[in-house]
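Asks: Order-wise, the sequence lines are chains A and B. Here our numbering is used: position 35 in the first sequence is 35, and no number is missing along the way. Here our numbering is used: position 64 in the second sequence is 64, and no number is missing along the way.
The set of hints was computed from the structure by calculation and includes no laboratory data. All values derive from a computational prediction rather than experimental measurement. Note that CB positions come from ideal geometry on N, CA and C, so glycine has one too. Don't take each hint at face value.
Derived CB-CB ranges, DEER-like [what the hints assert, rightly or not]:
id	chain 1	residue 1	chain 2	residue 2	range
1	A	Lys4	B	Met26	15 to 25 Å
2	B	Ser134	A	Ala18	21 to 31 Å
3	B	Thr53	A	Pro44	18 to 28 Å
4	A	Phe24	B	Gly31	53 to 63 Å
5	A	Gly57	B	Asp47	33 to 43 Å
6	B	Asp47	A	Glu67	29 to 39 Å
One-sided excerpt, in silico: chain B residues whose CB lies under 7 Å from chain A [what the hints assert, rightly or not]:
id	residue
7	Tyr57
8	Gly59
9	Val97
10	Phe126
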Amino acid sequence: MSIKVRYFASLKESIGRAEDELAFVDINSVADVWVNANKDTDRPHNILAAVNMEYVGFDHLVHDGDEVAFFPPVTGG
Amino acid sequence: MEIKIVTEPFDPWQEIQTFQKSAKQMHGKYGATSIFVGTMRDFNDGDDVKGMTLEHYPGMTEKQLAHIVDEVSQQWSVLDVLVVHRVGDVFPDQPIVLVAVWTSHRGDAFDSSRYIMEALKSKAPFWKKELLQSDDLRWVDKNTDGYKAAGNK
Numbered sequence: 001m002s003i004k005v006r007y008f009a010s011l012k013e014s015i016g017r018a019e020d021e022l023a024f025v026d027i028n029s030v031a032d033v034w035v036n037a038n039k040d041t042d043r044p045h046n047i048l049a050a051v052n053m054e055y056v057g058f059d060h061l062v063h064d065g066d067e068v069a070f071f072p073p074v075t076g077g
Numbered sequence: 001m002e003i004k005i006v007t008e009p010f011d012p013w014q015e016i017q018t019f020q021k022s023a024k025q026m027h028g029k030y031g032a033t034s035i036f037v038g039t040m041r042d043f044n045d046g047d048d049v050k051g052m053t054l055e056h057y058p059g060m061t062e063k064q065l066a067h068i069v070d071e072v073s074q075q076w077s078v079l080d081v082l083v084v085h086r087v088g089d090v091f092p093d094q095p096i097v098l099v100a101v102w103t104s105h106r107g108d109a110f111d112s113s114r115y116i117m118e119a120l121k122s123k124a125p126f127w128k129k130e131l132l133q134s135d136d137l138r139w140v141d142k143n144t145d146g147y148k149a150a151g152n153k
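Here chain B stands alone, though its shape is the one from the complex (with noise of 0.2 Å):
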């Protein structure tokens, strides 16, 4: 299990194949690997964007995000978990998040993987700050709720 809180951007294919060649405890084991990217768009609520920052809580995050880990591995058969998140100025097409499970089956795989970015987004002591278009700042106020946004449409 490893969680990392990134300054400078970060290439996820890359992450997680260094992860998956050093878990060697997990070889021979996993049958299944889901992986969610979450990348910034140049647009939100309407408008466009130009950039973002990303502030954090140092200690809190890592805490929080090693309980939903914990979380995960109480309730489905998790191999390994790699969480990687940036903070700092953060620009379109750059990822901002990266969730990677290993598991036997793939229903352990996509179960755990959803619940930890569902978990991180409404408890990982994150904050953006956007940069539109007009060179306004506007401060994100809320993550949706990435269930009830799946089940509306």
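Isolated chain A, as found in the complex (with noise of 0.2 Å):
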């Protein structure tokens, strides 16, 4: 019963950790997750959300053993 939560780029330096275990308990939507991960840190109005390698909006359903992602603004190409 649980979900892994990972982190990327700029978000991962600020706070400080690539991924987290998460007991998957009293979490709904992948808004949850990050209250239930980061529970002194505000979301940052700009980061993305994936849910098993898609983008999901913040209101998304997360399921257990789902893999929840947190990212800044994709830079590549």
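Assemble the dimeric complex from its two separately framed chains, guided by the hints.
Replies: Rendered as structure tokens:
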């Protein structure tokens, strides 16, 4: 009963972690995942979210075993 | 269709030649090839840049690039596509990205390769961290909109 949370790039540096293993308790949406994993840190306004490597909105529902990722705007190419 | 994320410097012209030779199903069919190569500059945002590190999200990057190539195949008549993108430490004059599209006619080649590049810039999870001449490190905070930038000039 857990989900994996991953952080990338400048967000990973600012929060000081690359990933969290979070108990799947009191979590409905992607927004809840951020709050549970980062209790003292407000969600930066510009970050994007993905569930199982697909872009989602913060109201997207999360299921047990999902991989949730947070990251800043992408800058490849 | 081939999507490659590479950790070492690559030669886009060699990649194109090798791919084109092996893509036998399109031989005799392609009349147009559109090629885009993105190369690292030694300046950005008014500063001299010595190098950069490209981070990505393994798995998601490939997945999003595959979606983009699928979208292109649905909108245009495309025979084959090759996308190569660097990660790791990159230095000025080294290629960062190659997008090559083979089609029967030029309109499809131009339009689909432009679409792939713009979609890659806004959706493929890569992030650049620059090493400035001053030795400061700086994350690139966002990509510009290629269509808007071209229209404003």
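Asks: None of the hints should be skipped; say for each whether it holds.
Replies: To see whether the hints hold, each was checked on the structure:
Checked against the hint of 15 to 25 Å, the C-beta distance between A/Lys4 and B/Met26 comes to roughly 40 Å, which is inconsistent with it. Take B/Ser134 and A/Ala18: their Cβ atoms lie about 27 Å apart, and the range 21 to 31 Å holds. Distance hint check: the CB atoms of B/Thr53 and A/Pro44 are about 21 Å apart, consistent with the given range 18 to 28 Å. Remark: the range hint 53 to 63 Å for A/Phe24 to B/Gly31 is upheld by a beta-carbon distance near 54 Å.
Checked against the hint of 33 to 43 Å, the C-beta distance between A/Gly57 and B/Asp47 comes to roughly 35 Å, which is consistent with it. In this structure, B/Asp47 and A/Glu67 meet the distance hint of 29 to 39 Å, their C-beta atoms being roughly 36 Å apart. Given hint, B/Tyr57 at the interface with chain A, holds; its Cβ is 6 Å from that chain's nearest Cβ, closer than 7 Å. Taken as an interface hint, B/Gly59 checks out: its beta carbon lies about 5 Å from the nearest beta carbon of chain A, inside 7 Å.
For B/Val97, the shortest C-beta to C-beta distance to chain A is roughly 5 Å, which falls under 7 Å, so the interface hint holds. Of the supplied interface hints, the one on B/Phe126 holds, with its beta-carbon coming within about 3 Å of a beta-carbon of chain A, less than 7 Å.
Of the numbered hints stated above, the single one contradicted by the structure is hint 1.
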